[in-house]
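Numbering follows numbering that gives the first Met the number 0, in which position 223 of the sequence shown is assigned residue number 222; successive positions increment by one, without gaps.
Simulated from the structure, these hints should not be mistaken for laboratory data. Please read all numbers here as calculations on a predicted model, not as lab measurements. Take these hints with a grain of salt, some might be off.
What the hints assert, rightly or not - Calculated lysine-lysine pairs in the PhoX-like style (CA-CA distance at most 20 Å, straight line):
1) K279 to K242
2) K138 to K242
3) K220 to K268
4) K136 to K242
5) K52 to K78
6) K138 to K243
7) K138 to K279
8) K220 to K264
9) K54 to K78
10) K136 to K243
11) K151 to K138
12) K243 to K279
13) K136 to K279
Claimed, not checked - Simulated restraints on C-beta separations:
14) E92 to N145: 18 to 28 Å
15) Q258 to N56: 50 to 60 Å
16) G219 to V275: 25 to 35 Å
17) A32 to I255: 51 to 61 Å
18) V275 to I215: 18 to 28 Å
19) Y257 to N56: 42 to 52 Å
Even glycine gets a Cβ: it sits at the ideal position worked out from N, Cα and C.
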Amino acid sequence: MKSIPLQWLTATMVIIVFSISCKKIEVDQGFTAFGEIYFNADQTAGYQAGYLKLKYNGHPVDMQGGTGRSIRVPAGEAKFEFYDDRTGEVLLEETVNIVPGSPERYTLFQPTMDAPLSFLDENAQADEEAAPEGHYKVKFVDYTGNLFSFNKGMDIVLWRAEFSWITFQTEYVEIGVLENISRNLDEEDYHLIPIESGDVGLAFSFREAETGSQLITVAGKEFLNTQFYEGLTTASSALSNPKKNVFTAYIETYAIDYQNDNFVKIGDKLYGIQPVIFLKN
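I would like the entire structure built from these sequences, with the hints used as guidance.
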């Protein structure tokens, strides 16, 4: 009779242990799936300056440098915020559905400190129609900031280089104006620039759109950029056929550390202005 309670107790313990074990196995069988996301931010001005940081669902995370490193996060909806850690200001955000086995890739774009942080679609021109024969097709965006007086917008004036048999010098003749260059890439349209024959080149000047205010050099003349057209010609030559001659360029200011009266003096420094091609087809 005394063995019955012992057997009953033993059986009860077995049932309890079995029940607990089953629950534990059920918990252990649950797991969190992870996916990967790549942010290529190495070439942005903010990342290089050290103030561009990243949050994942509101929490700071390390932003890996380079295109070969990923951030692993749980599957599902994820919010990423790029912010300035000096001020806390959110500069760019993106909500992404993370799917295991399907890594997401983003290239960030901020070529100058005066440019807004954005995502760059490197295939943005893939469906754009080719330039008409005898022309380049160029989209510009103004990233010159506040150094020059373009607060009312920017116009680009085109000048053709022509040799004067009177002065025996190269002179520039105005041939057209590209109006209202935007500071927002998504708002900008393409402009047509003629392809000149032979050694004839084009120069570009930059004016305040509303007032026509010019950039005056130390020599007292309007600042002209003669290198951009050469850059267009070189970029076009490097494209494989069939080429569309479609380009996108940002406009930036730059300083020089040598004396040249063909540049604009602000304070004790000399500055120029130039378009830089970053998309070409």
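Mind checking the alpha carbons of K220 and K264 for me, to see if they're no more than 20 Å apart? holds, 12 Å
Measure nothing beyond the straight line between the CA atoms of K220 and K268; if it is 20 Å or shorter, mark the hint as holding. holds, 17 Å
Could you grab the alpha-carbon distance between K138 and K243 and see if it respects the 20 Å cut-off? holds, 14 Å
Is it true that the CA of K52 sits at most 20 Å from the CA of K78? holds, 14 Å
Distance restraint evaluation - G219, V275, Cβ atoms, bounds 25 to 35 Å: holds, 27 Å
Cβ separation of V275 and I215, checked against the hinted range 18 to 28 Å: holds, 23 Å
Holds or violated: K138 and K242, Cα atoms, limit 20 Å. holds, 16 Å
C-beta pair E92, N145: status relative to the range 18 to 28 Å that was hinted: holds, 25 Å
Quick one: are Q258 and N56 within 50 to 60 Å, going by C-beta? This hint holds: roughly 54 Å between Cβ atoms.
Decide if the proposed pair is consistent with the structure: K279 and K242, CA atoms, cutoff 20 Å inclusive. This hinted pair holds, its Cα atoms lying about 9 Å apart.
Given the hinted pair K243 and K279, is their Cα-Cα distance within 20 Å? Since the Cα atoms of K243 and K279 sit roughly 9 Å apart, the hinted pair holds (cutoff 20 Å).
Given the range 42 to 52 Å, decide if the beta-carbon distance of Y257 to N56 lies inside it. For N56 against Y257, whose Cβ atoms are near 50 Å apart, the range 42 to 52 Å holds.
Consistency with the previously given hints is maintained throughout, with no hint failing.
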